[in-house]
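Enquirer: Listed here are the chains, written in short residue letters.
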Amino acid sequence: GENVEQHPSTLSVQEGDSAVIKCTYSDSASNYFPWYKQELGKRPQLIIDIRSNVGEKKDQRIAVTLNKTAKHFSLHITETQPEDSAVYFCAAYNTGNQFYFGTGTSLTVIP
Amino acid sequence: DSGVTQTPKHLITATGQRVTLRCSPRSGDLSVYWYQQSLDQGLQFLIQYYNGEERAKGNILERFSAQQFPDLHSELNLSSLELGDSALYFCASSVGAGGTGELFFGEGSRLTVL
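Chains as they are written, first to last, in our numbering: chain A, 2 to 112; chain B, 2 to 115.
Among the hints, a few may not be true.
What the hints assert, rightly or not - Using 25 Å as the maximum straight-line C-alpha spacing, the simulated DSS-like pairs for lysine-lysine come out as follows:
| no. | chain 1 | residue 1 | chain 2 | residue 2 |
| --- | --- | --- | --- | --- |
| 1 | A | Lys43 | A | Lys23 |
| 2 | A | Lys58 | A | Lys23 |
| 3 | B | Lys10 | A | Lys38 |
| 4 | A | Lys43 | B | Lys10 |
| 5 | A | Lys23 | A | Lys72 |
| 6 | A | Lys43 | A | Lys69 |
What the hints assert, rightly or not - To list a few chain A residues with every Cβ distance to chain B over 10 Å, as calculated:
| no. | residue |
| --- | --- |
| 7 | Ala20 |
| 8 | Ser27 |
| 9 | Gln46 |
| 10 | Leu47 |
| 11 | Asp50 |
| 12 | Lys59 |
| 13 | Asn68 |
| 14 | Gln99 |
| 15 | Thr104 |
Please keep in mind that the hints were generated in silico from the structure rather than gathered at the bench.
A virtual CB, placed ideally from N, CA and C, is assigned to each residue, including glycine.
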């Protein structure tokens, strides 16, 4: 089955700096890679996703890149704000009908 | 509000007991997924149903079972509970059977086993 590894597990940045979270996956058949944000005590919510036929996708301050050859994808948050503080999960989906989630990155943005 | 409803929000019970968690998916969504999130852990996939049929199975214990009813709501049954079963259980729904679309999560059911 698929194995998704996520790094780092914790990340602290100063407000206004950029944050990068990286994930690797093992199954080359995986074709959909969403990122979810979970604020403390709340449910995970989709913030951005990318499909395997695209190398990069951007939505305002958030971007995701995908390298299919290397089997890794990354979340980039620019101009971080305190409200970006949360746990971020990457996931990979393959034809086995399962979303495989990473173990999460706890991001703290220091004002 | 994601449109996914989970009940109960909190549940405290004793070891050896059995509980049932309930999930109502978003209107129009046919797939329901169950995830377990333990303290400081990621989201562990348990099981997926699509339109009443089991679609995919993850690391679900034999003491756990689930089903999806004709009205598409789903129930997760946890029996012979152990301390280690204490966790936040999320239900999520999506439109289709495949996964190339957004998962909408409910608020979760927090289970505490004493």
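Enquirer: Are the hints correct? Go through all of them and say.
Expert: The hints, checked one at a time:
1. A:Lys43 / A:Lys23: holds (23 Å)
2. A:Lys58 / A:Lys23: holds (15 Å)
3. B:Lys10 / A:Lys38: With a Cα-Cα distance of about 20 Å, the restraint between Lys10 of chain B and Lys38 of chain A holds, given a limit of 25 Å.
4. A:Lys43 / B:Lys10: holds (12 Å)
5. A:Lys23 / A:Lys72: holds (11 Å)
6. A:Lys43 / A:Lys69: violated (32 Å)
7. Ala20: About 19 Å separates Ala20 of chain A from the closest Cβ of chain B, which puts it past 10 Å; holds.
8. Ser27: Ser27 of chain A is indeed farther than 10 Å from all Cβ atoms of chain B, at 16 Å.
9. Gln46: Check fails; 7 Å does not lie beyond 10 Å.
10. Leu47: It is violated; Leu47 of chain A is separated from chain B by about 5 Å at its closest Cβ, not greater than 10 Å.
11. Asp50: For Asp50 of chain A, whose nearest Cβ neighbour in chain B is about 7 Å away, the distance does not exceed 10 Å, so it is violated.
12. Lys59: holds (18 Å)
13. Asn68: holds (19 Å)
14. Gln99: violated (5 Å)
15. Thr104: violated (4 Å)
This entry does not satisfy hints 6, 9, 10, 11, 14 and 15, going by the numbered hints stated previously.
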